[in-house]
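Chemist: Sequence:
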Amino acid sequence: MGSKRHRPKTSASSHKPSCFSMGLSLLILLPLSVAFNLDVENPAVYTGPNGSYFGYSVDFYMTDSSVSIIVGAPKANTSQPNIREGGSVFYCPWSLSQSQCSSIEFDTQGDLNMNVNEAVHQGEFKSHQWFGATVRVHEDSVLACAPLYSWRAMEDKPHADTTGSCYMSVNNFTKFVEYAPCRTEFRGRKGQGYCQGGFSADFTQEGKVVLGGPGSYFWQGQVITAVKQEIVKAYYPGFFLTSVEGQMQTKQKKEITFDDNYMGYSVAVGEFNGDDDEGDVLSFDQVSILNGSLDMLKTFTGEQMGSYFGYAVAATDINNDGMTDLLVGAPMFMVRDSDGRLEELGRVYVYMQNGPLDLTPQLPHLTGTHTFGRFGSSITPLGDLNQDGYNDVAISCPFGGENKQGLVLIYNGHAGGLKEKPSQVIAGQWASATPSALPASFGYAIRGGKDLDDNGYPDLIVGAFGANTAVLYRSRPIVNTSATLTVSPTMINPEEKVCTISLCSDTKIFLRDEKDFRDKLSPIFVALNFSLNLQAAADRYGLRPILNYQTAELIEQKAQILLDCGEDNICVPDLKISVHGDRKEVYMGDDNSLTLTFNAKNDGGGAYEAELYVVLPPEADYSGIARNNESLTQLTCSYETENQTRYLSCDLGNPMKSGTSVMTWDFTFTLRPSICSKNENNSQSEVVSYKLEVVVQSDVILQGVSRPDKVFFPPPNWKLTKNVMVEQDVGPSVQHTYELVNNGPSRISHTLLQLKCPLRLQSNRFIYPLEVTAEGPVNCTTHNIVNPLNLKVRGCGLTVVTPVVWNKPDSTYAVPLWIIILAILAGLLLLALLIYVLYKLGFFKRTPYGTAMEKAQLKPQAASEA
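Residue numbering for the sequence shown is -35 to -1, 1 to 831, as defined by mature numbering (1 follows the signal peptide of the UniProt record, and there is no 0).
These are calculated hints, taken from the structure and not from any lab test. Take these hints with a grain of salt, some might be off.
[Claimed, not checked] Heads up, simulated PhoX-like pairs for lysine-lysine below, C-alpha to C-alpha not over 25 Å straight-line:
hint, residue 1, residue 2
1, K656, K541
2, K140, K198
3, K155, K218
4, K523, K566
5, K675, K721
6, K216, K155
7, K263, K198
8, K656, K566
9, K216, K140
10, K549, K656
11, K485, K523
12, K622, K541
13, K566, K541
Work the whole structure out from these sequences, hints included.
Modeler: Shown next as structure tokens:
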């Protein structure tokens, strides 16, 4: 016993918990009753000679002095002289010590000869006659048939007639008689020459023999019946033609439409017309019901041609209404799969008898599930295996299952007919006798309805002729139990801390304190399971009992936690959420701290395990929450990642009661928030989206420097040469350095910096590009060839250069003579022009002594000179 909760917490409660009690009553009904379960772990396995097809037919043989099974092996060799693979029937006593099977000598003679016109000819052909292909038991009598037995009645007949023949043992194998009702004067295919009498056979409850001969009258087929006592009386050893008193048989139909009907392919006995006289059911491709006088009463036709409708028939009262019901197998029935292709699955039709000759099909029909498994090849009534008042049925699927080793499926009867699903599936465990042989064919022959070990439970025999094996499965006793479980109260109030409940059980279950668990909506399940003691004593045959397969070994009851949701204890929340931020835009690349405010509200019933669920985009990071209103309860949030999705989950209350409004907090960027709860109804709010504009803004600065900042050209001692080899031959070095700086906050991409410089001046080379270098994620290209002359570069590059400024260049170049002469002439011309201008201005017209003032000033000088 135990209780279970969803997502329990393990911490202990310091408060006195509320409690509820569990009342338990378990009733085991004694004496033990039975439910069907075949013991597949310890079957009795019987094997026959290799290649003998041992297990082709099976039946129970139970008398006051013996308990055994009868197994047919139609390809076995016997002691008959000059007979090859005539077939045999084996007697297999049952005991816990697993005794061996022994062959029953129904016929010890070889082929008999016959005298025709004073000549001796071979009269019969017993080699390959398949004796033992059909075996049936009634009390102390065993009927075994060889449907391929042949005889030749006339000397001039080229081929023998395959009439078929049967032998019957009476009085516990003390007397054997032959019964060959098709060995008559009506020879050839137009008569009973291809009869194959004994292809199928059965006994009525009174002991009347019913034989099927599907090959008579151009394969119209026929059914022959006779009382077994009269068969014994009519037998005369060595006589081919015998007459059995009271024997009846169906006659040939004159209409050609009855040809190839194969009447008698399979036969079963049951009561269908209400006269308390068992009639016969016989078939192939159609199923006919005959009365005790072999008059045809009713015919059923299959729904699909070629399905082998009537390959197997069985009669039993399934629904316990006192009337015999009919089961018909169609092992080659085809069903279309999901792709429209036909699959051979097999089908069994169940006809429920409502009154005399009033049979209606039970729907849906039973259809196999294994392709080419031949579901419905054999059907046998099992009796009331689980003692529920309804008979059960076994149906074979001889080529189904893993490795096509064969299956036998058990179906239980009930008031409505046969249950659609099997209660047990028995899988064959035996492989084919040889790799090239047929599959094991487990279930090709099945027989049930008898309690071999006398433990009160019917048993089942299964033949697997491809493995030369017959298997006996015994039913185990099953215990039927009745148990009840009561939990009270069914509605637990967490607010009540005192336990005052007293019931029939001392078991009490305590509810944890509210803070120790979250799930208040899910029921609290209390479970009771029980099982039999595996060490229970076995019965005198070594079988241990088990529980009825229909018994519920696990019983569960539940209790609910009382919620603040009205009389129905069902809460329907009305969850709403809104969101707004403190800014409308952010800059890409900046450290943007965004404060979002969520308003989570519940206008309906209590929302249990309510959570705010916020999905974060990949570009955002969660930094934390800050409570803006200190009067509100602090929330608990967790930041998690699931399937590469990052989300924030915050607890809003358990429950988040009606009218609750929660304002919250600061963090860095989010989208798509919603509220969800664990309530069954209206458990989630609408998802809202907060859209934030993302702006790109960058402060880009371009800086440059020239080294040197001034160049005087030509440099001293510089000569222009034709063969330029190194950089000094070109001229002075000039370095330009450019620096691009992004002060952000946003990044820039696909930026293009274009630099232009004059390479020529007045058709002469002015600047010679020598080298371009770059630092950082920069890719530089040029439209012109850099260093086209492949000059040798001196130094480590252009990034470090000592600046030199020349104040006056020293020229070492010679001035051409014509330039000197031209300069002199220009100077003389300019001097002449100047003299001429001065002359015109009177510059040269001066007195010898000057002015009176000048004379006065000169007088002292003259006196002194004097």
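Chemist: Under the criterion that the straight-line Cα-Cα distance not exceed 25 Å, is the pair K140, K198 satisfied?
Modeler: Holds. K140 to K198 sits at ~12 Å (cutoff 25 Å).
Chemist: Keeping to a limit of 25 Å between CA atoms, is the pair of K622 and K541 held or broken?
Modeler: 13 Å, holds
Chemist: Does K216 pair with K155 here, judged by a C-alpha cut-off of 25 Å?
Modeler: 12 Å, holds
Chemist: Hey, K566 versus K541, does the alpha-carbon distance stay inside 25 Å?
Modeler: 5 Å, holds
Chemist: Keeping to a limit of 25 Å between CA atoms, is the pair of K216 and K140 held or broken?
Modeler: With a Cα-Cα distance of about 31 Å, the restraint between K216 and K140 is violated, given a limit of 25 Å.
Chemist: Given the hint that K549 pairs with K656, does the C-alpha gap stay at or below 25 Å?
Modeler: The hint holds at about 8 Å.
Chemist: Taking only the CA atoms, is the gap from K656 to K566 under or equal to 25 Å?
Modeler: Holds, because 21 Å separates the two Cα atoms, which is no more than 25 Å.
Chemist: Between K485 and K523, is the straight-line Cα distance small enough, at 25 Å or below?
Modeler: OK: K485 and K523 at ~13 Å, within 25 Å.
Chemist: Are K675 and K721 close enough, with their CA atoms no more than 25 Å apart?
Modeler: Holds: K675 and K721 sit about 18 Å apart, inside 25 Å.
Chemist: Quick one, are K155 and K218 close enough, alpha carbons at most 25 Å?
Modeler: 11 Å, holds
Chemist: Does K523 pair with K566 here, judged by a C-alpha cut-off of 25 Å?
Modeler: Distance ~32 Å between K523 and K566 Cα, so the pair is violated.
Chemist: Would the pair K263 and K198 pass a check requiring their Cα atoms to be no farther apart than 25 Å?
Modeler: 34 Å, violated
Comparing the model with each numbered hint stated earlier shows that hints 4, 7 and 9 do not hold.
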